[in-house]
Amino acid sequence: MVKWQLSLGILLLALAVLAIGLPHANGAWFAFWNASDVQQANEWILLTVYRIPEVFIAVLAGMALAVSGLLLQTVLNNPLAGPSILGLTSGSHLFVALVLMGGSFSSDLFQDVSTTFAAAFGAFVFGMLILLIATKMRSAVSLLLVGMMLGTFVSAFTGLLMSHADSMSLKSFTMWSFGSLRQVALDQIPLIASVFMVVFIAAFFLVKPLNAMVLGEHQAAFLGVNIVRNRWIVILIVSLLTGLVTAFCGPIAFIGLIVPNIVKMTLKTANHLHLMIASALIGGIVLLICSMLIRLLEPLIVLPINTLTSLIGAPVVLLLLLKKIRNA
Amino acid sequence: MLKFQQCTVLQKRTLFSIPELILDRGQFVALIGANGTGKSTFLSSFSGGKSIQGDLTFDEHDWWKIQPKERAKMVALVDNRFQGLEHLSTQEYLELGRFPYTNLIGRLTEKDKSLIAEIAEEMQLKTLLNQATSTLSDGERQRASIARALIQETPIILLDEPTSFLDYPTKRSIMNLVKKIVEEHGKLVIMATHDLELSVQFCSHWMVIQPDIKQLEMIEGNVTVEQLILKAFPGVS
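Those sequence lines, one after another, are chains A and B.
One rule links them: number in the working numbering = place in the first sequence (from 1) + 55.
One rule links them: number in the working numbering = place in the second sequence (from 1) + 107.
These are calculated hints, taken from the structure and not from any lab test.
Hints are supplied without guarantee of correctness; some may be wrong.
Stated by the list, open to error - Each computed DSBU-like pair below joins lysine-lysine, with the alpha-carbon atoms no more than 35 Å apart:
no.	chain 1	residue 1	chain 2	residue 2
1	B	K172	A	K323
2	A	K58	B	K233
3	B	K233	A	K323
4	B	K220	B	K119
5	B	K119	B	K321
6	B	K119	B	K172
7	B	K338	B	K119
8	B	K321	B	K180
9	A	K191	B	K157
10	B	K233	A	K191
11	A	K191	B	K287
12	B	K338	A	K323
13	B	K338	B	K233
14	A	K378	B	K278
15	B	K218	B	K233
16	A	K191	B	K110
17	A	K323	B	K180
18	B	K278	A	K323
19	B	K338	B	K286
20	B	K119	B	K176
21	B	K286	B	K233
22	B	K119	A	K191
23	B	K218	A	K191
24	B	K218	A	K58
25	B	K110	A	K58
26	B	K220	A	K323
27	A	K378	B	K218
28	A	K226	B	K233
29	B	K176	B	K233
30	B	K287	A	K323
31	B	K233	B	K180
32	A	K191	B	K176
From just these sequences and the hints, can you work out the full model?
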């Protein structure tokens with residue numbers, strides 16, 4: 056198990072290095088390393104302004120979404136749960152729309168904080184809503200319908216907001232909603248990294264109760280788990296992680312649903328220490344590969360990240376569903 | 108050991124009352140009642156919740172003042188709702204029985220591991236340990252569930268209709284197993300069941316929820332199926 060995780064870690068690092076050194080158009084690999092002085096200055100700017108933040112946020116977003124998905128799947132006892140399919144991302148969507156198109160903000164820093172806050176808050180509110188509904192719902196599939204309804208409602212409502220918004224805020228919201236791994240600047244990295252670290256460490260304290268919760272809340276309560284408290288902590292962590300990602304990258308679908316399922320199928324363990332580490336690593340790897348694909352395909356076609364993950368993700372989810380129906 | 112005085116079991120409405128009842132180690136108690144009379148509510152209330160009101164003590168301690176973590180060392184549940192998971196092996200499932208005793212990250216000590224191995228041996232689960240819980244048969248899963256409860260090392264074990272999905276020979280073997288546990292491990296076992304015939308053969312005590320007067324009656328010694336039917340289902344001829 057440890058060997059497996061170690062090799063995943065090495066793969067992630069190797070991919071990250073590769074992604075940083077990926078050539079531009081017809082340029083060379085690792086062009087910033089051996090170029091003439093004038094060129095080097097340009098390459099250096101490209102590296103620090105674009106490459107490093109992009110690779111950083113791709114890895115971090117992948118990790119955050121995959122871990123969020125794992126937490127939701129265990130707490131709701133539903134292998135088809137994930138932050139985007141349940142509508143947590145829709146919550147972020149709604150509140151970011153309200154912030155960007157409902158008011159005006161002069162300072163850039165304030166906008167950073169307020170979009171992040173709005174996204175996290177939106178994910179939290181919708182997370183609570185889903186949790187309340189989930190306690191009344193026994194079927195795994197009907198919960199997904201709830202997520203769909205929330206999504207439909209939100210897109211209708213944002214449509215309404217958009218029709219009344221001025222062109223500037225309309226533009227910034229549209230840009231945000233495409234989803235992109237290139238909206239993060241180098242100086243934002245410390246802030247994002249520190250928030251993420253804190254939340255991620257908090258998630259590791261949930262390992263033990265999560266292990267018991269796979270047996271269902273009834274049995275977990277008999278093992279001494281405080282169900283209500285742990286559910287709240289999970290929703291808080293998931294909404295922070297999802298909100299953070301959605302705020303900086305826009306909505307990214309399917310990673311949170313698929314990655315934990317792949318991990319469970321391969322590792323064949325219900326120990327959440329292993330599941331969480333492996334989900335984080337594979338989540339990072341998957342989104343990193345996506346960002347590299349986008350860069351490689353750039354001369355041919357411009358793919359927003361959300362489009363790419365949906366193109367790959369939707370068929371995979373269909374396969375998972377078919378498998379589940381056959382087993383049921 | 109477990110003492111009820113002037114208790115009421117309720118969920119939104121009053122389900123039944125328990126005027127006075129004392130249960131002890133080494134008893135195999137059947138809980139009998141029609142659907143909807145509150146058998147499951149009664150069993151689940153032991154993990155907390157507020158569905159039993161009144162005086163309930165465990166060895167003179169007020170049951171409701173015991174912390175959840177300590178309570179998990181006193182009562183274990185075997186339920187028939189768990190269908191198994193593809194990524195949860197029988198070994199991991201049994202290990203979860205040590206949950207109330209392990210540290211913050213759930214690390215098992217050598218003592219924990221040898222206890223798990225011992226009980227797996229006793230319950231004839233050795234060959235199934237690496238198998239996914241979703242691939243176990245209903246009987247095997249029930250046996251694993253009982254083993255998990257034993258590994259939890261609680262004086263009280265609750266069984267929620269353990270025989271309901273099983274064929275006749277498996278029902279009998281599970282009942283034999285539980286009876287042996289009661290006798291050899293000195294546990295108090297409370298089993299909600301609809302299998303009256305089996306309960307008459309294997310149990311030592313019967314708690315019957317009487318729907319007409321909404322009261323729990325305790326019967327010991329000898330009882331016939333007819334007597335149980337008369338009390339639990341007064342409308343049936």
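Checklist entry - Which numbered hints does this structure break? => result The structure conflicts with hints 1, 4, 10, 11, 12, 13, 23, 25, 27, 28, although it agrees with all the remaining ones.
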